[in-house]
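Enquirer: Take a look at the letters that make up each chain.
4 protein chains.
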Amino acid sequence: MTQRARDLGLACGALPPGPLNAITDVLGLRVGHRTVREGDVLTGFTAVLPHDGNLFRRKPRAAVKVINGFGKSAGLMQLAELGQIETPILLGNTLAVGVGFDALVTRALAENADIGRETGTVNPLVLECNDGFLSDIRARRLTQEDAFAALDAAREGPVEEGAVGAGAGMSAFGFKGGVGTASREIALDGRLFHLGVLVLANFGRAGDLVLPDGRRPTPAGSGEGERGSVIVLMATDLPLETRQLKRIARRGGAGLARLGAFWGHGSGDIAVAFTTADPVHHDENQALVGLSALHESRIDLPFQAAAEATQEAVLNAMLAAPATIGRDGHRRPSLADWLGARP
Amino acid sequence: MTQRARDLGLACGALPPGPLNAITDVLGLRVGHRTVREGDVLTGFTAVLPHDGNLFRRKPRAAVKVINGFGKSAGLMQLAELGQIETPILLGNTLAVGVGFDALVTRALAENADIGRETGTVNPLVLECNDGFLSDIRARRLTQEDAFAALDAAREGPVEEGAVGAGAGMSAFGFKGGVGTASREIALDGRLFHLGVLVLANFGRAGDLVLPDGRRPTPAGSGEGERGSVIVLMATDLPLETRQLKRIARRGGAGLARLGAFWGHGSGDIAVAFTTADPVHHDENQALVGLSALHESRIDLPFQAAAEATQEAVLNAMLAAPATIGRDGHRRPSLADWLGARP
Amino acid sequence: MTQRARDLGLACGALPPGPLNAITDVLGLRVGHRTVREGDVLTGFTAVLPHDGNLFRRKPRAAVKVINGFGKSAGLMQLAELGQIETPILLGNTLAVGVGFDALVTRALAENADIGRETGTVNPLVLECNDGFLSDIRARRLTQEDAFAALDAAREGPVEEGAVGAGAGMSAFGFKGGVGTASREIALDGRLFHLGVLVLANFGRAGDLVLPDGRRPTPAGSGEGERGSVIVLMATDLPLETRQLKRIARRGGAGLARLGAFWGHGSGDIAVAFTTADPVHHDENQALVGLSALHESRIDLPFQAAAEATQEAVLNAMLAAPATIGRDGHRRPSLADWLGARP
Amino acid sequence: MTQRARDLGLACGALPPGPLNAITDVLGLRVGHRTVREGDVLTGFTAVLPHDGNLFRRKPRAAVKVINGFGKSAGLMQLAELGQIETPILLGNTLAVGVGFDALVTRALAENADIGRETGTVNPLVLECNDGFLSDIRARRLTQEDAFAALDAAREGPVEEGAVGAGAGMSAFGFKGGVGTASREIALDGRLFHLGVLVLANFGRAGDLVLPDGRRPTPAGSGEGERGSVIVLMATDLPLETRQLKRIARRGGAGLARLGAFWGHGSGDIAVAFTTADPVHHDENQALVGLSALHESRIDLPFQAAAEATQEAVLNAMLAAPATIGRDGHRRPSLADWLGARP
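Protein chains in written order, with our numbering: chain V, 109 to 451; chain W, 109 to 451; chain L, 109 to 451; chain S, 109 to 451.
None of these hints come from the bench; they were simulated from the model. This structure is a prediction, so every number in the text was calculated from the model and none was measured. Be a bit skeptical, because a hint or two may be false.
[To be verified] Just some of the chain S residues that point at chain W, by a computed CB distance under 8 Å:
1) Glu189
2) Leu203
3) Thr229
4) Gly240
5) Val397
[Said to hold, decoys possible] Heads up, simulated SDA-like pairs for lysine to any residue below, C-alpha to C-alpha not over 20 Å straight-line:
6) V:Lys354 to W:Glu189
7) V:Lys354 to W:Ala188
8) V:Lys354 to W:Gln192
9) V:Lys354 to L:Asn162
10) V:Lys354 to W:Val397
11) V:Lys354 to S:Gly177
12) V:Lys354 to W:Leu396
Glycine included, each C-beta is placed from N, C-alpha and C at the ideal position.
Just chain V, same shape as in the assembly (with noise of 0.2 Å):
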């Protein structure tokens, strides 16, 4: 069984995690991995569904930030203007975004025989990281049934952190990285809400890296330069307006920051924020509807959750991921060796 940063003394920041210091603290949320190991590939998807009804009929209010935008992530001009999230969310290499959408949009026009006839189109949302250090990214294996899988496979609960999904080839600081997630609890008016962050982790070089306790974990032989990227995915139940969702998106580059990190030029750093609280209706009749929003002077609260949780979460992706050797025999060690944590 894996240790996660908290276990570790490793624990980010101040405020309280979740039942599960995971992205699905938020109800209905949920999270699949389909990973691939074949031969000199190591790659995979990551589906999240912000909620278990259908997507592209009730649209969770959205944001992004773009901390630097070296990255070939697909949706993100829509979602901005428009505020909306209306398939779910794919994470993947990065020459698979094509397969990504084209896996989106089978399901979307299976799902609602509107679109391309009276409603225009769908927007999908494929985000990307390149696991070509350890993995054979030229071969571009991955298929739309892919997709499909990681997306059957999503569920509520625990999720699987590490080597799985879209970060079975992932690396970060040097050492393996993946898919890793945290969470932290909000208290507003008398009610808990939770602010849940799941990353995928592939950037910083090798020795920037910076504990909460002021260590520097270095891998040994690294001399990799950054080639890097890192999604942030930020769910929450608390009520927000589109404007006060990219704020919180943006201080996923604090979280980031405080590992070391300065956002390097090749890393394509993206943080998208949602919240499951009054979605957008497709099918509205009413022009004027009616929704919550956070008063401006209370935001500090999600925004030091979201950096705290960000920044755990890429420790949790971390230390889920195991020594790995890649294509062409390139290795990655494990910040769970290098900290003794696993026997």
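Mind docking chains W, L and S on chain V? Use the hints.
Expert: The following block gives chains W, L and S in isolation, referenced to the frame of chain V:
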């Protein structure tokens, strides 16, 4: 009595105007002018007060779109970040922004004892154009007292247009420019809303103006290149998220382009949009507040209203402004004269 | 033989066009079409290649302006961050973005063995409009082979306009839309530069179109609301900083607004501008490189060229497109017929 | 003599500092302070002059990144649009922005007879933090003469740090804040360049500060929430495009986050970056000008320098500032005392 664009067959677009065809069709909104004409100085302040209460304690939701950022306006950064206005809006000349800033601070401190003590500071909103072609802008004639006079003159009802207030020394398309206004009615869910625009028009090269009927008025003997700017204030009583207000503000640029402008390099073309619905209470004690917002699918209606009213407000500004001789004998003819609209 | 806007007295603005009045007035730039007409499917790809070399190794400086972000285009985030284009540009239909992405990746991998190995990845640039009114877009008929066909068909010289390539199934202002082009000459420092525009025109509500002479062509019997988009590609040989390219791209919006558009909610209105001057060499071994840029005080000239050529390119697209009956009997008349331009 | 961070084993990051470890390692750059301590007033102006010539006639290329926009700074909109600075940079308190604006206008008019006549206007650059916790900011004590004094005091060489100039009344992380500086050397193509940072540090909640060695200094008895801000000025002699300068400015946020900040809601966190290479000549008579720029692939080096120098400049500001009692008995302890660094 001056004739407005609509009286001369120059109505812009298809939506019906409000009762006054003015920004003051938004109930509670007030406009005041202070005009200074002294020798070579033709300048002034125009004040727009979104409602008749304390704006620092009840802040209208707002957004800004910088169409072309050659300008010195104060207050836009915080407006964009927080989506709020918390002082009256002052329009003036470029070199009077500091004076306007000071005047709004003076008033805000007088009315709010907590500013600078328990509450942080205040964000004055001052927008400007360069009236230096007709006026001796280097004289820096405007004082805080002039700003107070504009604020104190603010009234509901019809808005004086043309060479008044901040519009005293402005130019547009080689003609005399100034302050103008227009509005549109928006019917939704069986209710009637209004979107009103007030412009400070000081933009456009001589020869570029196109009227809605295709005519191209060219002033005699004007060879001056563009060095102007235009400020577009949009007010509405329609409930909107701040992201939606930004989308609407952007359509001010369409109204300007329909007049023949291409948002010239040296022009500070700024649109600020705000709604009087669901203001943010400074002293709110709930963390979560309810508001209404427009379903995004209906937003073409305020888009169209914004473009049409901007276009018509500029024509109204020009038509109300008489032929003027300013500093060093610089001249601007009147569009009304070109059209033969004035006896 | 179709007549172009200029032949019909509908020239836009004042600057002189280039020899071809086309984007190909920028030397070395090539355009290719692949048109698919099969039963209810009217669609295709159009390829624009900024120069005739390997674009990944010699990357044109570029910028993007999102006029309205209701769209699914791929590659814009990295283009904005780095100010570079590194693949050909593909235009297609909305649901074919994944296919276009894959096709550009296939070609880039074939031509550059270092991608995904030593060099990181590649950023495919695919832009789109929704041709679902006339074409069965749900059929998802386009393949990578269709994209290759458009790329391989790319030629210098005159550009075929109208219902070809990606323009096959497009609509504009209730008429048949499609691909159009125009250019302007820019004289500076005794040298002659060109700015060319190619549009994929699929935007504008029936009844909103305004011609340069003030006429308002309204198609018979069209009650369809706007669900369209428009892609504006601007190419120039003028040396420019990427910030300047973004300012120029923005002026595409002025050209669209002069036609009567207000950049409708459901319209993906995107302008990409690039220069063939001083491309960025992928394999550069100097840290500091020399380039030229326009002195900012002269930028009104390319601004004006961008607005005028965008406006005229849309008219050229519409005039070259014949009346069309598409899927389920949906009809679009031809603007040329409305004008009586065709016998 | 105060000790700087580096003297206390608190150097940030890995790159070597310049000879002065100060923003003045960029040759020709000058810094001046005017400090006002009168009763309950602790405030001042700090002036930064990028070079020793007329800044309006020779404008440094520049960019701005708004990390969090709760602030009232003047001049940023035009700086972002044109990529130029054309006046000295003034740092002051929030309510003195109008005074600073006026002072810069006064100087610019005196030195440039064409402003407001042939040339348009001038864009004063004034940045601010709220020193109202320690100082009676409502007194509005600063005058144009104070601004002139700061400008006239500007010198090359070592920079006075701590509670001086605009830093007189500032706070950070519950300690006394102020002005600080640091620099890094950047070796490229066999030449040595410098990137220097000067901060006005007035941000961070008590208890959030993290030192580079992992210690967390917490001031005794401080229960004040964050209402601060931080201004980060970055100067370099490295040739850069304005888009690149913006990317570098953004990395100031990483430096702040490494200190434990999350860019709080009420904090105006602004980074302005400029280069002294290839300034823009106001009176240029060529349309096309030559410049150098960094090949994008090398930009991680100035990114790292920006993050490291920002982090260290804040520590230098805090270490140089003594424990202070301000208005109404408000107290801020000194970080130097906490560290036992001062005898």
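Enquirer: Work down the list of hints and note, for each, if the structure agrees.
Expert: To see whether the hints hold, each was checked on the structure:
1. Glu189: Because about 3 Å separates Glu189 (chain S) from the closest Cβ in chain W, which is inside the 8 Å limit, the hint holds.
2. Leu203: With Cβ-Cβ at 6 Å, under 8 Å, it holds.
3. Thr229: Since the shortest Cβ distance to chain W is 4 Å, the answer is holds.
4. Gly240: Status holds, d = 5 Å.
5. Val397: For Val397 (chain S), the interface hint is violated, since the closest Cβ of chain W sits about 16 Å away, which is over 8 Å.
6. V:Lys354 to W:Glu189: holds (10 Å)
7. V:Lys354 to W:Ala188: Answer holds: Lys354 (chain V) to Ala188 (chain W) is near 12 Å, not above 20 Å.
8. V:Lys354 to W:Gln192: Holds: Lys354 (chain V) and Gln192 (chain W) sit about 16 Å apart, inside 20 Å.
9. V:Lys354 to L:Asn162: violated (38 Å)
10. V:Lys354 to W:Val397: It holds: about 19 Å lies between the C-alpha atoms, which stays within 20 Å.
11. V:Lys354 to S:Gly177: Distance ~13 Å between Lys354 (chain V) and Gly177 (chain S) Cα, so the pair holds.
12. V:Lys354 to W:Leu396: holds (18 Å)
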